[in-house]
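J.: Sequence:
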Amino acid sequence: MWIKKKEIVTAVVLGAAVVMLVYYSSMMCGPCEPFYGERSLSEWALAKTSGSTQRSQVITETIEGELEKGSFENVVSSLQALTEHKGGYVKSLRMTYFDGSWSGQLICKVPTENVTSFTFKVRETIDVNGSVTYINISIEEIEQTQQPQETVYSTIYINLKEKKPQNGNGVPASLVPVIDILSKGLLLIAQGVMVGVPICFASLGVVLLVNRGILPVWKNLLKKTKAATASVE
Numbered sequence: 006m007w008i009k010k011k012e013i014v015t016a017v018v019l020g021a022a023v024v025m026l027v028y029y030s031s032m033m034c035g036p037c038e039p040f041y042g043e044r045s046l047s048e049w050a051l052a053k054t055s056g057s058t059q060r061s062q063v064i065t066e067t068i069e070g071e072l073e074k075g076s077f078e079n080v081v082s083s084l085q086a087l088t089e090h091k092g093g094y095v096k097s098l099r100m101t102y103f104d105g106s107w108s109g110q111l112i113c114k115v116p117t118e119n120v121t122s123f124t125f126k127v128r129e130t131i132d133v134n135g136s137v138t139y140i141n142i143s144i145e146e147i148e149q150t151q152q153p154q155e156t157v158y159s160t161i162y163i164n165l166k167e168k169k170p171q172n173g174n175g176v177p178a179s180l181v182p183v184i185d186i187l188s189k190g191l192l193l194i195a196q197g198v199m200v201g202v203p204i205c206f207a208s209l210g211v212v213l214l215v216n217r218g219i220l221p222v223w224k225n226l227l228k229k230t231k232a233a234t235a236s237v238e
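Using the numbering used here, the letters of the sequence shown map in sequence onto residues 6 to 238.
Please keep in mind that the hints were generated in silico from the structure rather than gathered at the bench. A couple of the hints might just be wrong.
Cut-off 25 Å, straight-line C-alpha distance, at most; resulting in silico cross-link-like pairs (PhoX-like, lysine-lysine) [what the hints assert, rightly or not]: (1) Lys91 <-> Lys166; (2) Lys189 <-> Lys168; (3) Lys114 <-> Lys96; (4) Lys189 <-> Lys74; (5) Lys91 <-> Lys126; (6) Lys74 <-> Lys168; (7) Lys166 <-> Lys114; (8) Lys189 <-> Lys228; (9) Lys126 <-> Lys114; (10) Lys169 <-> Lys189; (11) Lys114 <-> Lys91; (12) Lys166 <-> Lys126; (13) Lys10 <-> Lys224; (14) Lys11 <-> Lys74; (15) Lys96 <-> Lys126; (16) Lys169 <-> Lys74; (17) Lys166 <-> Lys96; (18) Lys11 <-> Lys166; (19) Lys166 <-> Lys74; (20) Lys224 <-> Lys9.
Quick list of the computed label-pair ranges, beta carbon to beta carbon [to be verified]: (21) Val198 <-> Tyr162: 40 to 46 Å; (22) Glu73 <-> Met199: 29 to 35 Å; (23) Val222 <-> Leu187: 46 to 52 Å; (24) Leu26 <-> Leu213: 18 to 24 Å; (25) Met25 <-> Asn225: 34 to 40 Å; (26) Pro203 <-> Glu146: 53 to 59 Å; (27) Ala195 <-> Glu146: 49 to 55 Å.
Where a beta carbon is used, it is the ideal one built from N, C-alpha and C, also for glycine.
Working from the sequences, and respecting the hints, build out all of it.
T.: Below you can see the structure in the form of structure tokens.
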């Protein structure tokens, strides 16, 4: 049984339509929501009043990241500017240069109501220049002795280190982005083949069933109905 070119094209178009429909349906119906919403940590940090004692909640975070070679200085400067932009300050900064790479720690004090957006921006800044490897968040309830209008600061520890330069026959740093793009492209192609080929075969089966099974039977029934109607008349 020969498969016509028209049937193959129809099957490919049908398969592509199914993939696009599933993809856009998943985007429209299943938005991904982060564990901590934009207001989640801020809501945790709202002050509580019990009698004459005012209580509030302070957030302590530890963020660790691994940076690409040569990006340490720019990331530190960006995080310092971000801390000031969010109404906080850098309490301390420690930097160490050893074995060809930088490492260090920033201790940032940020108003508790700005911690959520600050955390997301820190993660975004690190991810642009490397990757975030660890985030820990703890919330502690304290009793305030200062005036209610005074700002409550939370503490964020940011530990950064550059990737160490490779020795010997390692991949040159200039080729790392190219290899990364190629690996991602090959992964996408493999995923497309794994998903697309079965869908195309299934679509081809549907097309053959309709063209060579359902349509001929329907046409025969239609002819018999017309013939029966003509004989009655």
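J.: Work down the list of hints and note, for each, if the structure agrees.
T.: Quick rundown of the hints versus the structure:
no., hint, in the structure
1, Lys91 <-> Lys166, "24 Å, holds"
2, Lys189 <-> Lys168, "21 Å, holds"
3, Lys114 <-> Lys96, "6 Å, holds"
4, Lys189 <-> Lys74, "21 Å, holds"
5, Lys91 <-> Lys126, "10 Å, holds"
6, Lys74 <-> Lys168, "6 Å, holds"
7, Lys166 <-> Lys114, "21 Å, holds"
8, Lys189 <-> Lys228, "56 Å, violated"
9, Lys126 <-> Lys114, "15 Å, holds"
10, Lys169 <-> Lys189, "23 Å, holds"
11, Lys114 <-> Lys91, "10 Å, holds"
12, Lys166 <-> Lys126, "18 Å, holds"
13, Lys10 <-> Lys224, "23 Å, holds"
14, Lys11 <-> Lys74, "54 Å, violated"
15, Lys96 <-> Lys126, "19 Å, holds"
16, Lys169 <-> Lys74, "7 Å, holds"
17, Lys166 <-> Lys96, "19 Å, holds"
18, Lys11 <-> Lys166, "58 Å, violated"
19, Lys166 <-> Lys74, "9 Å, holds"
20, Lys224 <-> Lys9, "20 Å, holds"
21, Val198 <-> Tyr162: 40 to 46 Å, "45 Å, holds"
22, Glu73 <-> Met199: 29 to 35 Å, "31 Å, holds"
23, Val222 <-> Leu187: 46 to 52 Å, "51 Å, holds"
24, Leu26 <-> Leu213: 18 to 24 Å, "21 Å, holds"
25, Met25 <-> Asn225: 34 to 40 Å, "35 Å, holds"
26, Pro203 <-> Glu146: 53 to 59 Å, "54 Å, holds"
27, Ala195 <-> Glu146: 49 to 55 Å, "50 Å, holds"
Of the numbered hints listed earlier, those contradicted by the structure are 8, 14 and 18.
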